[in-house]
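Trainee: Spelled out, the chains give:
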Amino acid sequence: MYDQERGSPVEIFLVEDNPGDVRLTEEALKESKVLNNLHVAMDGVEAMEYLKRQGKYSDAPHPDLILLDLNLPKKDGREVLEEIKADEDLRRIPVVVLTTSKAEEDILRMYDQHANCYITKPIDFDQFIEVVRSIENFWLSIVKLPPV
Amino acid sequence: MMDEPRGSAVEILLVEDNPGDVRLTQEALKESKVTNNLYIAGDGVEALAFLRKEGEYADMPHPDLILLDLNLPKKDGRELIEEIKSNEELKRIPVVVLTTSKAEEDIMQMYDRHANCYITKPIDFDQFIEVVRSIENFWLTIVKLPSD
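Top to bottom, those sequences are chains A and B. Convert by adding 603 to the 1-based position in the first sequence; the result is the number in this note's numbering. Convert by adding 1167 to the 1-based position in the second sequence; the result is the number in this note's numbering.
These are computed hints drawn from the structure, not numbers from a lab. All C-beta atoms in this analysis are idealised placements derived from N, C-alpha and C, irrespective of residue type, glycine included. Possibly wrong hints are sitting among the right ones.
Below, simulated DSSO-like cross-link-like pairs (lysine-lysine); rule was C-alpha separation at most 30 Å, straight line [claimed, not checked]:
#	chain 1	residue 1	chain 2	residue 2
1	A	LYS678	B	LYS1258
2	A	LYS636	B	LYS1288
3	A	LYS705	B	LYS1258
4	B	LYS1241	B	LYS1269
5	A	LYS724	A	LYS705
6	A	LYS677	A	LYS688
7	B	LYS1288	A	LYS688
8	B	LYS1242	B	LYS1258
9	B	LYS1220	A	LYS655
10	A	LYS688	B	LYS1242
11	A	LYS655	B	LYS1258
12	B	LYS1269	A	LYS636
13	A	LYS705	A	LYS633
14	A	LYS655	A	LYS678
15	B	LYS1288	B	LYS1258
16	A	LYS688	A	LYS659
17	B	LYS1252	A	LYS705
18	B	LYS1288	A	LYS633
19	B	LYS1252	A	LYS678
20	B	LYS1269	B	LYS1197
21	B	LYS1242	B	LYS1200
22	A	LYS724	B	LYS1258
23	A	LYS724	A	LYS678
24	B	LYS1269	A	LYS633
Chain A residues, not near chain B, derived (Cβ > 12 Å throughout) [as the list claims (entries may be wrong)]:
#	residue
25	VAL643
26	PRO697
27	GLU707
Work out the full structure: start from the sequences and follow the hints.
Mentor: In structure tokens, the structure reads:
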């Protein structure tokens, strides 16, 4: 809207184990005015392999934005956030926590661990899509993302 | 929008030395659907005194959200964010950097220092108001603030 003079698509990395939420996120992002590619990891171990470009992810693009669920198989989103924000190469990537948890403990802990923002998932489908669109609009057309 | 409304007003601290930008921000926030109080600090030293509730700021509220300019008298916004994000009491408050600087170095350094997001100020008045409205809409109605 104001500033997307970037030549390449925005690479978004979604860490989410619920296929329904993955699909809704894909749908909402497909309608974006800003060209973007969505990459999905369904558990925390896969997410870290992707981010560190291990194994089959050796050619994976460096994400510009991460959408992170908290309750994930194998490695929890809380641990994933801690690893991202402690890693010199990854910590500047904005992380949007998108979770069903409304627990105050999670909200406080995630901000303390430098989540860039915390959003609770609405249960209603249309509201979920609205929230993803708000994230897309704010982070892709208002915010300056860190240069890769 | 998505959630039950909070009981009290959202307390916003704007750290900004340009009176024109202060006024435009006030105007944009006045129209918010979410009740909010805006406090202004005109330089970095005053901002820190406000946040630490020193002297005349003893009765000031703990802000829910900080809007931070970078080029400030007395103490720079770059220093200020470092102090906020390394202080146990303050680090969880989301900091939205709102600046004229488009320097890559600033963008990277602010994300590395855990700014929650980085936004460049449009020069055009109407676009500036639009940007403040986007910040207001995203942070006050979509995001769960740590104080919610």
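Trainee: For every hint, state whether the structure bears it out.
Mentor: Hints and how they fare:
Straight-line distance between C-alpha atoms of LYS678 (chain A) and LYS1258 (chain B) comes to about 25 Å, which keeps the hinted pair within the 30 Å bound. Of the pairs offered as hints, the one joining LYS636 (chain A) and LYS1288 (chain B) holds, with about 21 Å between alpha carbons and a cut-off of 30 Å not exceeded. For the hint linking LYS705 (chain A) to LYS1258 (chain B), the alpha-carbon distance of about 20 Å falls within 30 Å, and the restraint holds. With a C-alpha separation of about 22 Å, the suggested pairing of LYS1241 (chain B) with LYS1269 (chain B) holds against the 30 Å cut-off.
For the hint pairing LYS724 (chain A) with LYS705 (chain A), the CA-to-CA distance comes to about 9 Å; that is within 30 Å, so the pair holds. Between LYS677 (chain A) and LYS688 (chain A) the CA atoms are separated by roughly 19 Å; this keeps the pair inside 30 Å, and the hint holds. This hinted pair checks out: LYS1288 (chain B) and LYS688 (chain A) have alpha carbons roughly 27 Å apart, not beyond 30 Å. For the hint pairing LYS1242 (chain B) with LYS1258 (chain B), the CA-to-CA distance comes to about 18 Å; that is within 30 Å, so the pair holds.
Pair hint LYS1220 (chain B) plus LYS655 (chain A) does not hold up; C-alpha atoms about 42 Å apart against a cutoff of 30 Å. For the hint pairing LYS688 (chain A) with LYS1242 (chain B), the CA-to-CA distance comes to about 26 Å; that is within 30 Å, so the pair holds. At most 30 Å may separate the alpha-carbon atoms for a hinted pair to count; LYS655 (chain A) and LYS1258 (chain B) meet this at roughly 27 Å. The suggested pairing of LYS1269 (chain B) with LYS636 (chain A) holds, with an alpha-carbon distance near 22 Å, which does not exceed 30 Å.
A C-alpha spacing of about 28 Å is found between LYS705 (chain A) and LYS633 (chain A), which places the hinted pair at or below 30 Å, so the restraint holds. Proximity of LYS655 (chain A) to LYS678 (chain A) is assessed by CA-CA distance (about 15 Å); at most 30 Å being required, the pair is judged to hold. Between LYS1288 (chain B) and LYS1258 (chain B) the CA atoms are separated by roughly 24 Å; this keeps the pair inside 30 Å, and the hint holds. Restraint check: the Cα-Cα separation between LYS688 (chain A) and LYS659 (chain A) comes to about 23 Å, which is no more than 30 Å; the hinted pair holds.
This hinted pair checks out: LYS1252 (chain B) and LYS705 (chain A) have alpha carbons roughly 24 Å apart, not beyond 30 Å. The hinted pair formed by LYS1288 (chain B) and LYS633 (chain A) meets the criterion: a straight-line CA distance of about 28 Å does not exceed 30 Å. Only pairs whose Cα atoms come within 30 Å are accepted, and LYS1252 (chain B) paired with LYS678 (chain A) is accepted, the gap being roughly 26 Å. Straight-line distance between C-alpha atoms of LYS1269 (chain B) and LYS1197 (chain B) comes to about 28 Å, which keeps the hinted pair within the 30 Å bound.
The suggested pairing of LYS1242 (chain B) with LYS1200 (chain B) is violated, with an alpha-carbon distance near 33 Å, which exceeds 30 Å. Pair hint LYS724 (chain A) plus LYS1258 (chain B) holds up; C-alpha atoms about 24 Å apart against a cutoff of 30 Å. A distance of roughly 20 Å separates the Cα atoms of LYS724 (chain A) and LYS678 (chain A); the hinted pair therefore holds under the 30 Å criterion. Distance hint between LYS1269 (chain B) and LYS633 (chain A) is fulfilled; the C-alpha atoms sit about 28 Å from each other, no more than 30 Å.
The beta carbon of VAL643 (chain A) sits about 22 Å from the closest Cβ of chain B, which is more than 12 Å, so the claim that it is off the interface holds. For PRO697 (chain A), the requirement that its beta carbon stay farther than 12 Å from each beta carbon of chain B is not met, with the minimum near 7 Å. Consistency note on GLU707 (chain A): stated as away from chain B, yet its beta-carbon is not over 12 Å from all of that chain's, at 8 Å minimum.
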